[in-house]
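*Asks:* Sequence:
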Amino acid sequence: AIRSGDEYGKNKILEGKRVIIEYTNANPFKEFHIGHLMNNTVGESLSRLLEFGGAEVRRANYQGDVGLHIAKTLWGMKKSDESSPTIESLAKAYAQGSDEYGKSETAQKEIIEINKKIYEQSDEEINKRYTEGKKVSISYFEELYARLGTVFDDYYFESTTASIGTKMVTDNLGSIFKESQGAVIFPAEEYDEKLHTRVFITKEGLPTYEAKDLGLAKLKYSSYPYDMSFVITGNEVKEYFKVVYTALAQIEPELAARTTHLPHGMLRLKNGKMSSRTGDVITASALLDDVYTRVLQKMKDTELSHKEKERIGEEVTVGAVKYSILHQALGRDVVFDFDTSLSFEGNSGPYLQYTYARTQSLLRKAEEKGKETQNASLHEEKRKEVSDIERLAYRFPEVVTEAMYEREPHHIATYLFSLAHAFNAYYSKNKILGSENEAYRLALTASVAQILKNGLWILGMKAPERM
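Numbering (our numbering) for the sequence shown: 1255 to 1721.
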């Protein structure tokens, strides 16, 4: 681990493979909620896991920049005469438009008309509001991606995939797709009795999400000819994607064969809902800010400078949230508990980060005394002991491979907790600096540090040098 450094645990199983991973998919004109936060965490970790396997990975973000949700927001913006939109005012406008759409026939007709004009780009005022709102949304999302440590390679928008998907459907009308009551449908049950019929083009002639997802698969491949494509979403659209990819298999069987849908559970809070701007959505920013406040409170008595506390507090905040999501199998719902997730002593992100910081403190003290820690080797040390930690350390590459094959980051999280727990137990019982077996114990500490750093990176977490 020490000699391999940041390369320890990597393999070449996917070397030469081109992989595209689509995740986060937050829609402009709507707030980035905790569902997006969970999706981003899962997608980023899977991206890093496959990179550890030698794959060339491109991160893709697919965003709904056309559709009723935007029409509802623009309707709300017009009613409030919003001239300089903020993400908060867009959320309020969407809530107002969504509410009125459900209870007012007049509002519904107006919103449907706005929706058509968005596609046609035929109304100057609507185009202006649309451009301003989209710009505010994208800027807001980028701030969050930076906070979460994600850099996307490709951005895809429904406004682009719509025409491609529409053509794929109309080109296969009569063979794969059928007309029904003015709309165009895909009778999926004819291909699999467990599936159901879905509309791909509405009676108004507009493509649905289904048609756009067909267009997206084709667009992604034309811009990046992939060997594997992974689409990360919540469990609630599992049946939807079965239908979409069954349709895709009839049109582009190769693309369908290369595409895997990976669904995950929902993220909920243990203690009910937090306050939110719209009253019914828990935003990612609100959750992260709340966690950050609590982390700083825990760190108030440390000797770190104010600037260090802020930086490390942010790293611990993101780590706490990400670990709470990734330490169990993807298909299960996650209940976020502030006390458990922020504990420096239990199965949590901060516990792993604190353990890493402890190893760094030991290694710094050793170097101050002139001890060699960077080039130590467990193999070369003459010692009177072989610890459980050493046995665990050799398992890291095997765990990475298992997690990669199963597309399950929780194997990494579980392993890191076992390693951290073993090291802290060892540390509490054994003197490291100044001990008879000091060289071995320092090599052991350096190995644990490197593995924790590499494993935390896979989970999308930072490894703070001090805490």
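Derived by calculation from the structure, the hints in this document are not laboratory data. Hints may be right or wrong, so weigh each one.
Result set (DSS-like, lysine-lysine): computed pairs, CA atoms no more than 25 Å apart in a straight line [to be verified]:
no.	residue 1	residue 2
1	Lys1625	Lys1561
2	Lys1357	Lys1371
3	Lys1707	Lys1683
4	Lys1388	Lys1346
5	Lys1333	Lys1357
6	Lys1388	Lys1371
7	Lys1357	Lys1370
8	Lys1421	Lys1389
9	Lys1554	Lys1619
10	Lys1623	Lys1683
11	Lys1552	Lys1716
12	Lys1472	Lys1271
13	Lys1552	Lys1707
14	Lys1332	Lys1271
15	Lys1707	Lys1561
16	Lys1625	Lys1707
17	Lys1333	Lys1388
Restraint ranges, calculated between C-beta atoms of paired labels, are given here [as the list claims (entries may be wrong)]:
no.	residue 1	residue 2	range
18	Gly1270	Asp1593	43 to 49 Å
19	Asn1381	Thr1451	32 to 38 Å
20	Glu1444	Thr1360	38 to 44 Å
Glycine is no exception: its CB is placed at the ideal position from the N, C-alpha and C atoms.
*Asks:* Are the hints correct? Go through all of them and say.
*Replies:* Taking the hints in turn, this is what the structure says about them:
This hinted pair does not check out: lysine 1625 and lysine 1561 have alpha carbons roughly 30 Å apart, beyond 25 Å. Annotation: proposed proximity of lysine 1357 to lysine 1371 holds, straight-line Cα distance about 22 Å (limit 25 Å). Simply put, lysine 1707 and lysine 1683 have alpha-carbon atoms about 24 Å apart, close enough for the 25 Å limit, and the pair holds. Straight-line distance between C-alpha atoms of lysine 1388 and lysine 1346 comes to about 15 Å, which keeps the hinted pair within the 25 Å bound.
For the given pair, lysine 1333 sits about 16 Å from lysine 1357 by alpha-carbon distance, which is consistent with the 25 Å threshold. Our distance criterion of 25 Å between C-alpha atoms is met by lysine 1388 and lysine 1371, whose separation comes to about 16 Å. For a cut-off of 25 Å, the pair hint linking lysine 1357 to lysine 1370 stands: about 20 Å separates their Cα positions. For the given pair, lysine 1421 sits about 29 Å from lysine 1389 by alpha-carbon distance, which is inconsistent with the 25 Å threshold.
Distance check on the hinted pair: lysine 1554 and lysine 1619 sit about 24 Å apart at the alpha-carbon level, within 25 Å; holds. Distance check on the hinted pair: lysine 1623 and lysine 1683 sit about 22 Å apart at the alpha-carbon level, within 25 Å; holds. Taking the CA atoms of lysine 1552 and lysine 1716, the gap is near 18 Å; set against the 25 Å cutoff, the hint holds. Under the criterion of a C-alpha separation no larger than 25 Å, the hint pairing lysine 1472 with lysine 1271 is consistent with the structure, at around 19 Å.
For the given pair, lysine 1552 sits about 23 Å from lysine 1707 by alpha-carbon distance, which is consistent with the 25 Å threshold. For the suggested pair lysine 1332 and lysine 1271, the alpha carbons sit about 48 Å apart, so the restraint of at most 25 Å is broken. Distance restraint check for lysine 1707 and lysine 1561: the Cα-Cα separation of roughly 22 Å lies within the 25 Å cut-off, and the hinted pair is therefore satisfied. In summary, the hint linking lysine 1625 to lysine 1707 is supported, as the alpha carbons are separated by about 21 Å, within the 25 Å threshold.
Distance restraint check for lysine 1333 and lysine 1388: the Cα-Cα separation of roughly 18 Å lies within the 25 Å cut-off, and the hinted pair is therefore satisfied. Checked against the hint of 43 to 49 Å, the pair glycine 1270 and aspartate 1593 passes, with Cβ atoms roughly 46 Å apart. At about 35 Å, the CB distance of asparagine 1381 to threonine 1451 agrees with the hint of 32 to 38 Å. Distance hint check: the CB atoms of glutamate 1444 and threonine 1360 are about 40 Å apart, consistent with the given range 38 to 44 Å.
Hint check: violations occur at hints 1, 8, 14; the rest are consistent with the structure.
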